[in-house]
Amino acid sequence: MRAARGLLRWSADDLAKASKVGVATIRRAEATDDEPKTTGANLAAIRTALEAAGVVFIDQNGNGPGVRLRDRQL
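Residue numbers (numbering that gives the first Met the number 0): 0 to 73.
Treat the hints with care, as some may be off.
What the hints assert, rightly or not - Distance windows between CB atoms, simulated: (1) D70 <-> A40: 25 to 31 Å; (2) F56 <-> K36: 16 to 22 Å; (3) V22 <-> A51: 17 to 23 Å; (4) A30 <-> R8: 16 to 22 Å; (5) R26 <-> E50: 17 to 23 Å; (6) K16 <-> N60: 28 to 34 Å; (7) K19 <-> N60: 29 to 35 Å; (8) R69 <-> K19: 20 to 26 Å; (9) D70 <-> R26: 26 to 32 Å; (10) G21 <-> Q59: 26 to 32 Å.
Hint data in this document are derived by calculation from the structure and do not stem from the laboratory. All residues carry an ideal CB built from backbone N, CA and C; glycine is no exception.
Use the sequences and the hints to build the structure in full.
Right, dumping it as structure tokens:
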């Protein structure tokens with residue numbers, strides 16, 4: 000989640016506004032390298048906001064999961 004925010008140059012507050020969850024929820028979810036400490040509904044809202052802004056989530060393929068920005072269409 001932090002890497003995705005970094006790609007967008009979003010603060011935790013920016014992501015909280017875009018996903019309509021509290022900034023404390025963003026910080027709590029990012030505070031661990033394991034499963035984020037928040038509800039499934041909040042995680043879905045956060046992921047939806049990041050994807051709408053152009054983030055693509057890459058599944059773990061042996062090298063670990065990742066994120067990148069969607070190719071922009073000209």
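Tested hints:
1. D70 <-> A40: 25 to 31 Å: About 30 Å separates the Cβ atoms of D70 and A40, which means 25 to 31 Å holds.
2. F56 <-> K36: 16 to 22 Å: Since F56 and K36 have Cβ atoms about 19 Å apart, the given range 16 to 22 Å holds.
3. V22 <-> A51: 17 to 23 Å: holds (19 Å)
4. A30 <-> R8: 16 to 22 Å: Distance hint for A30, R8 holds at roughly 21 Å.
5. R26 <-> E50: 17 to 23 Å: holds (21 Å)
6. K16 <-> N60: 28 to 34 Å: holds (32 Å)
7. K19 <-> N60: 29 to 35 Å: Holds, since K19 and N60 (Cβ atoms, about 31 Å apart) stay within the stated range.
8. R69 <-> K19: 20 to 26 Å: holds (22 Å)
9. D70 <-> R26: 26 to 32 Å: At roughly 30 Å between Cβ atoms, R26 and D70 fall inside 26 to 32 Å, so the hint holds.
10. G21 <-> Q59: 26 to 32 Å: Holds, at about 28 Å.
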